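S.K.: Turn these sequences into a full structure, and let the hints guide you.
Spelled out from the first residue to the last, the chains are:
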Amino acid sequence: MAELERTKDRAPIPAGWEYASAPESRDLVTLRDRYGLFVGGEWLEPKESYTTIDPSSEESLAEVGQASEAEVELAVQSARDAYENGWSALPGSERAKYLFRIARLLQERAREFAVLESLNGGKPIRESRDVDLPLAAAHFFYYAGWADKLEYAFPNRTPKPLGVAGQIIPWNFPLLMLAWKIAPALAAGNTVVLKPAETTPLSALHFCDILRQAELPPGVVNIITGDGSTGAALVESEVDKVAFTGSTDVGKAIQRRLAGTGKKLTLELGGKAANVIFDDAALDQAVEGIVNGIYFNQGHVCCAGSRLLVQESVYEDVIDKLKRRLTTLRVGDPLDKNTDVGAINSRQQLEKITELVKSGEEEGAEIYQPPCRLPEKGYWFVPTVFTNVAQSYRIAQEEIFGPVLSVLTFRTPDEAVEKANNTPYGLSAGVWTEKGSRILSMAQRLRAGVIWANTYNRFDPASPFGGYKESGFGREGGRHGLEPYLRFE
Amino acid sequence: MSRLPVRKTYKLFIGGEFPRSESGRTYEAEGQNVARASRKDLRDAVRIARGAFGRWAGMTAYNRGQVLYRVAEMMEARRAEFAELCSGPKEVERSIDRVVWYAGWADKLAQVLGSSNPVAGPYFNFTVPEPTGVVGILAPPEPALAGLVSRVAPAIVGGNAVVVVASELHPLAAVELAEVLATADVPGGVVNILTGRREELAPVLASHMDVNALDVSGADGQVPELEELAAENVKRVVHGAPDDQSPWEIAGFLELKTVWHPIGV
Numbered sequence: 001m002a003e004l005e006r007t008k009d010r011a012p013i014p015a016g017w018e019y020a021s022a023p024e025s026r027d028l029v030t031l032r033d034r035y036g037l038f039v040g041g042e043w044l045e046p047k048e049s050y051t052t053i054d055p056s057s058e059e060s061l062a063e064v065g066q067a068s069e070a071e072v073e074l075a076v077q078s079a080r081d082a083y084e085n086g087w088s089a090l091p092g093s094e095r096a097k098y099l100f101r102i103a104r105l106l107q108e109r110a111r112e113f114a115v116l117e118s119l120n121g122g123k124p125i126r127e128s129r130d131v132d133l134p135l136a137a138a139h140f141f142y143y144a145g146w147a148d149k150l151e152y153a154f155p156n157r158t159p160k161p162l163g164v165a166g167q168i169i170p171w172n173f174p175l176l177m178l179a180w181k182i183a184p185a186l187a188a189g190n191t192v193v194l195k196p197a198e199t200t201p202l203s204a205l206h207f208c209d210i211l212r213q214a215e216l217p218p219g220v221v222n223i224i225t226g227d228g229s230t231g232a233a234l235v236e237s238e239v240d241k242v243a244f245t246g247s248t249d250v251g252k253a254i255q256r257r258l259a260g261t262g263k264k265l266t267l268e269l270g271g272k273a274a275n276v277i278f279d280d281a282a283l284d285q286a287v288e289g290i291v292n293g294i295y296f297n298q299g300h301v302c303c304a305g306s307r308l309l310v311q312e313s314v315y316e317d318v319i320d321k322l323k324r325r326l327t328t329l330r331v332g333d334p335l336d337k338n339t340d341v342g343a344i345n346s347r348q349q350l351e352k353i354t355e356l357v358k359s360g361e362e363e364g365a366e367i368y369q370p371p372c373r374l375p376e377k378g379y380w381f382v383p384t385v386f387t388n389v390a391q392s393y394r395i396a397q398e399e400i401f402g403p404v405l406s407v408l409t410f411r412t413p414d415e416a417v418e419k420a421n422n423t424p425y426g427l428s429a430g431v432w433t434e435k436g437s438r439i440l441s442m443a444q445r446l447r448a449g450v451i452w453a454n455t456y457n458r459f460d461p462a463s464p465f466g467g468y469k470e471s472g473f474g475r476e477g478g479r480h481g482l483e484p485y486l487r488f489e
Numbered sequence: 490m491s492r493l494p495v496r497k498t499y500k501l502f503i504g505g506e507f508p509r510s511e512s513g514r515t516y517e518a519e520g521q522n523v524a525r526a527s528r529k530d531l532r533d534a535v536r537i538a539r540g541a542f543g544r545w546a547g548m549t550a551y552n553r554g555q556v557l558y559r560v561a562e563m564m565e566a567r568r569a570e571f572a573e574l575c576s577g578p579k580e581v582e583r584s585i586d587r588v589v590w591y592a593g594w595a596d597k598l599a600q601v602l603g604s605s606n607p608v609a610g611p612y613f614n615f616t617v618p619e620p621t622g623v624v625g626i627l628a629p630p631e632p633a634l635a636g637l638v639s640r641v642a643p644a645i646v647g648g649n650a651v652v653v654v655a656s657e658l659h660p661l662a663a664v665e666l667a668e669v670l671a672t673a674d675v676p677g678g679v680v681n682i683l684t685g686r687r688e689e690l691a692p693v694l695a696s697h698m699d700v701n702a703l704d705v706s707g708a709d710g711q712v713p714e715l716e717e718l719a720a721e722n723v724k725r726v727v728h729g730a731p732d733d734q735s736p737w738e739i740a741g742f743l744e745l746k747t748v749w750h751p752i753g754v
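Chains as they are written, first to last, in our numbering: chain V, 1 to 489; chain X, 490 to 754.
Warning: the hint list may mix true and false statements.
With a cut-off of at most 27 angstroms between alpha-carbon atoms, the simulated DSSO-like pairs for lysine-lysine come out as follows [unchecked claim]:
1. Lys529/X to Lys500/X
2. Lys149/V to Lys597/X
3. Lys597/X to Lys160/V
4. Lys252/V to Lys352/V
5. Lys263/V to Lys149/V
6. Lys263/V to Lys323/V
Hint data in this document are derived by calculation from the structure and do not stem from the laboratory. If you're wondering where the values come from, they're calculated on a predicted model, not measured in any experiment.
M.R.: Spelled out as structure tokens, the structure:
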């Protein structure tokens, strides 16, 4: 980290431009000092709790519950009661209207939630405001419309809800992942117990106020907070279905734990996506796509384009443009509307990124980091590019989940496909070329669940998302995203 | 004097060929000595299936449908032989008709299971089903022929290559089917059939890191153990119907791929 320490004092940056700070008002959101567990429509006082912080300042934001096994069971029981006493018998058209209400309420209070999302997660307000919140609301709106049309989604089958869904979500898109989980589950007629990530519980807890305003029947959605032990208790509880988004290691442990139980499972796990740049690509657009692919949300994205594959004939060009573009990225205060790259989500994640970057240097890759001033407090990492990377290096194999790009090269399309597919993961991939037939050929040959051609990191509730191979199974989004929450008679 | 019949040697089916088990072992089933595949045979079969997968998945759906139809044609020619090896002519007819039914699905899957997605932005976005890769199948103990056909046909019609552990109790129908497949234009290695002890082979298949999905429809009591092993590389575990047909049986062996492209001038 010696390199980072040195660059901290260098000025004026970036690239000679200075912006006046333009902070979004933190007052838009009012937090409580303490949050309980949201069970059966009421706040349950937890036996134990912990402090959740703002990763950009390390300041405490609130005390939240550390749900025990017994408390998890209470939540599951409350979801079961709600399922049996009304929700499952409610006509789809009525369920739909609750979901439409939630979508509208989220739209109305979008800015407030965007501020909270940036505060607790460290992501730039520009992203939480323009991506997370609109997409979360859209997700509820999209699945609301399905609630009374399920029989049209699966020809010749009779869809029925499963019962209680246990859902465990990650810290990179806390509210958006909540929407991805809750919206299809409720549309299909299930009730849920959702556990937000340990480091980002606040938007989910704040969302309970939306549920209050929507007058959703008590127990249909229960929110319990806590660390991995709470998640494990939820997996082992009497739920009918488990949906997990997170690391591949934990996903495998959950799949093992559920072996032989007959519980339905969907997993959305890690990735190490290749972003493939051909020599006939529109290079300036491609460079924007590369930057959006890996530095969006500090690289805390399971489908991040973390392996850049550049055709050798344009390698120098692409790297020059990329380095120049990196000097214009503004790293800093997540609530500043000018910020491009916010805070790393947690100390633990910062340590993981730091460790992997160190391994890259030790294994022989060449590191580039733009000159950059980092705030004194909080968790930060300078956007990083590694060149001269071999496929065997850890930075080319392991998911870093940070703003770190590994660059490899190729000569032929066959070589690009082979390198791109040379990973146990298969969540996403990017292709940049102006040749239509090549786009379609690459889209066919890349073994991944989402292919972005001449774009990257686009999401939509109508668009199914999910992985091949060890990136998990099941899809979220679209008609296909209903299937994991239904059984068929 | 009546003529002495020429008996058949019941061997494995790997890569379009009929090898004995490398272990040299056999076991007796249905009055015959049948090859008893080893773990090594199984690993060889997976390697060969992986090699065959790309070509099979890359064929046009129309072509794959025709190959499956050809399988039905070849089965039809052996109706009498098959009837001896299962519950009788009715099961044979049902099995043949099922292969024809699945043959017709090959070029309709993408239309029924895929979608064009109206995203809120200037993007063309569509979802297509693709094969998951190499599928391990534990054939149901019975029905001897219909059970096997009901699991293998939906797996291969979508473009997967399969490694099948045949019914331990009734392996002869599986060997007969292998002889059909060998003469039905199914590329070598797309279907590999091993006879032997299921308890010995199933865990190797379930834990193999280059197998993408495991069909446990015929696994009986071993399921929890196999599912646990399957988690090591996040296998798709398929609980299918041992004697039924549905496009959703095919869907269990498929991935969904979503492609985005900007719209602009």
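S.K.: If a hint holds in the structure, say so; if it does not, say that too.
M.R.: Status of the hints after comparison with the structure:
no.: 1; hint: Lys529/X to Lys500/X; verdict: 15 angstroms, holds
no.: 2; hint: Lys149/V to Lys597/X; verdict: 23 angstroms, holds
no.: 3; hint: Lys597/X to Lys160/V; verdict: 26 angstroms, holds
no.: 4; hint: Lys252/V to Lys352/V; verdict: 20 angstroms, holds
no.: 5; hint: Lys263/V to Lys149/V; verdict: 25 angstroms, holds
no.: 6; hint: Lys263/V to Lys323/V; verdict: 48 angstroms, violated
Violated hint for the displayed structure: number 6, the only one.
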